[in-house]
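**Student:** This is what each chain is made of:
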Amino acid sequence: MLPIVEHPAAAKEFVTNPDRSRWHDRALWFVRSKRDLQASSLPEWEYLRQTASQIKTHTIANLAHYLEQFEQNAIAAGAKVYWAEDAAEHNEIVLQILREHRTSRIVKSKSMLTEECGLNHHLEANGIDVVDTDLGERIVQLRKETPSHIVLPAIHIKKEEVGETFHEHLGTEAGASDPKYLTEAARGHLRDKFLAGQIGITGVNFAIAETGGIVVCTNEGNADLGTSIPKVHIACMGIEKLVPRQRDLGVFTRLLARSATGQPITSYTSHFIGPKDDQSELHIILVDNGRTKLRSSPTFRAAMHCIRCGACMNTCPVYRRSGGHSYRATVPGPIGSVLSPTRDPNSYKSLPYACSLCGSCSDVCPVKIPLHHQLLAWRGELVGKKLLPMGKRVAMTLASHLFRHPRLFTTAGAIGRLSLRVMPRWMTHNRFNKWSIARDMPKPPQESFRNWHRRHRGN
Amino acid sequence: MIQQTPSRRAILDRIKTQPVEGPALPDVDPNIVIAFDDPVAKFQEMLIAVGGQSHVVSSYEAVGKTLQTFDEFASAKHLVSLVPEAVAGTVSTESVRDPLAYATVDWTIAKGEFMVAENGAIWVDGKTLPHRVLLFIAQYLAIVVKKSEIVSNMHQAYERVDGFGGPFGIFVSGPSKTADIEQSLVLGAHGCRKLQVFIVDDK
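Protein chains in written order, with this note's numbering: chain A, 1 to 459; chain B, 1001 to 1203.
Since the hints were made in silico from the structure, they are not lab data. Here a beta-carbon is modelled for each residue, glycine too, at the ideal position from N, C-alpha and C. Some hints could be false.
What the hints assert, rightly or not - Here are some chain A residues the structure puts well away from chain B; computed CB gaps all over 12 Å: (1) K12; (2) H121; (3) L182; (4) K193; (5) L195; (6) V251; (7) S356; (8) A377; (9) G380; (10) A395; (11) M441.
To be verified - Output of the computed footprint for chain B on chain A, the stretches with three or more beta carbons under 8 Å from beta carbons of chain B: (12) 158 to 164; (13) 294 to 305; (14) 311 to 321; (15) 382 to 388.
Whenever a hint applies, use it, and build me the whole structure from the sequences.
**Tutor:** Rendered as structure tokens:
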């Protein structure tokens, strides 16, 4: 069993560093603003979201059909297709392919699925050198961290810190922090890795049932360099990545980069159907790892629409201020707070509460996942499963009793107004009142709203 | 050959025993989506926005002349040209099968099938490349495309690639880039440092 993630405790270090928290907040808001510009540049934006959502709902409903169609066409194009029930099986399949090729050097491009499966650890434990080639991922890899965001893995790291990391690992000048200089250093370092790579591993942004092909989107071109040099390409994908037809990509390629980073499209949108040539191999691994379980839930099924753009994180006021690592999950932010408890409700029970229910995530989601409704629904489930902490459960029961009894409510209001006026600070600001840790208590009004209403409205 | 593994069966069984109602597969209404009166102008605007540069030229010969005005081209030694009517290459691609042989390529001049106005992307069909690595390994990339070969949006673009059956095709929009260090945009991450697009007026 995983350790229980207490989001408020995990976020403490980040939020109690106001400079960093504000800096992080602004960096993400900048991305969110760019997304808004892009969304408003297309009059048909809402139509696209609606269509994307409908394509996804259709695909998830008919998933078995499309998976079988995809498999058949991918095999016909010369690819090899594997099915993995969970992370362990996925990692074992990858390791097996590497062993068959006696490979020790892997160039990997960013893939949240392989992060979810903990592939790097598994391969390293088996003596295989994995190089993450996305710049942000390489930075976090060298720092022995994990990505804090699914699209911007190193968004939590300052350029001076990248400079230190590169000085230590790549021999750049001490104290250097110019992004251009540091990127150039990474380019040189990673080019050597690309040239020496024996197998390229990538994620998959979209898989097309009709053609058996896969699409990978990057800005850096790392997936392309990483798969065009080696003879073997391993593509790892969750089973929800399918779209029925090639032309459905018209909808998704328009939404993905605009929602993710505010670009009209990624620099490279690569379509692979089968291996390069008769000397080469393409292996595609279809991974479940909890996805069929998610599909069986009418309440949370729409979370399978997710195209991993990260827009919900960029807009989330809690994520922006608490940082991605505070979620202790591969996918953080609103969508992560929906997905993680599906996998393990007990460990991730605090995540649906890392939410102000402002609804901004649902507004920006390009595939219309009703994220804040799902987060609220999760709270209901967690209460039902008795997974709420004792303090909250007692308080909620008392509050519900109070709201159901008007006379009691009126009396409690009067007592409350009086106590707030007369109680000394130590009585309200102590370890029993978590609400007041970073807040002052409100100034009580002179009279209750009910009284005020009676005086001003007569009846 | 389909491998009937226990995992395959288990995953498909879990899906099939859980029937879910869904809507019909929608098609995009071409009358609702954006189109441009002057798609070439829009393409040029978008290409600048994504970090590339474009040049409308009157003939294939003019491509070579314009390239000569760039220092990084004039001083380049290793050129691969897949558009010989525009530029002569210095590296032969015949009988080269090892991608590492291209590690020192300075420029690749590639052929684009068509442009997309809304996002500055160009479709390159892998079949026009002796090796697909040429698009990514070169320090600089130029793509030559005919002016009449343009669509407004990605829906029209996928109509054009509808028969595409592989093994490789790509929309290239701008040079390789990254903003992974504090959101500062840097051109030239792993692939080409700059992208020059030549729009040949064929009317």
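**Student:** If I take the minimum Cβ distance from A/L195 to any residue of chain B, is it greater than 12 Å?
**Tutor:** Violated, since 6 Å does not exceed 12 Å.
**Student:** Are all C-beta atoms of chain B more than 12 Å from that of A/A377?
**Tutor:** Non-interface label on A/A377 holds, nearest chain B Cβ at 18 Å vs cutoff 12 Å.
**Student:** Taking the shortest Cβ-to-Cβ distance between A/G380 and chain B, state whether it exceeds 12 Å.
**Tutor:** For A/G380, whose nearest Cβ neighbour in chain B is about 22 Å away, the distance exceeds 12 Å, so it holds.
**Student:** Would A/K193 pass as off the interface with chain B, using Cβ distances and a cut of 12 Å?
**Tutor:** Check fails; 10 Å does not lie beyond 12 Å.
**Student:** Say whether it holds or is violated: A/S356 keeps its Cβ farther than 12 Å from all Cβ of chain B.
**Tutor:** holds, 25 Å
**Student:** Is the coverage entry for the stretch 158 to 164 of chain A by chain B consistent with the three-residue Cβ rule at 8 Å?
**Tutor:** This one holds; 3 residues, not fewer than the three required, reach chain B with a Cβ under 8 Å.
**Student:** Is the Cβ of A/V251 farther than 12 Å from every Cβ of chain B?
**Tutor:** violated, 6 Å
**Student:** Taking 8 Å as the Cβ threshold, is the statement that the stretch 311 to 321 of chain A is covered by chain B upheld or broken by the three-residue rule?
**Tutor:** Not satisfied, violated; 0 residues make the cut.
**Student:** Since A/M441 was said not to touch the interface, does its Cβ keep a gap of more than 12 Å from each Cβ of chain B?
**Tutor:** holds, 39 Å
**Student:** For A/A395, is the shortest CB-to-CB distance to chain B above 12 Å, so the non-interface label stands?
**Tutor:** Given a closest Cβ separation of 37 Å, the condition holds.
**Student:** The output says A/K12 does not contact chain B. Does that hold with a beta carbon cutoff of 12 Å?
**Tutor:** Its Cβ never comes within 12 Å of chain B, the nearest being 24 Å, so this holds.
**Student:** Three residues minimum, CB to CB under 8 Å: does the stretch 294 to 305 of chain A make the cut for coverage by chain B? Let me know.
**Tutor:** It holds, with 3 qualifying residues against the three required.
The structure does not agree with the numbered hints 3, 4, 5, 6, 14, 15 stated previously, though it agrees with the rest.
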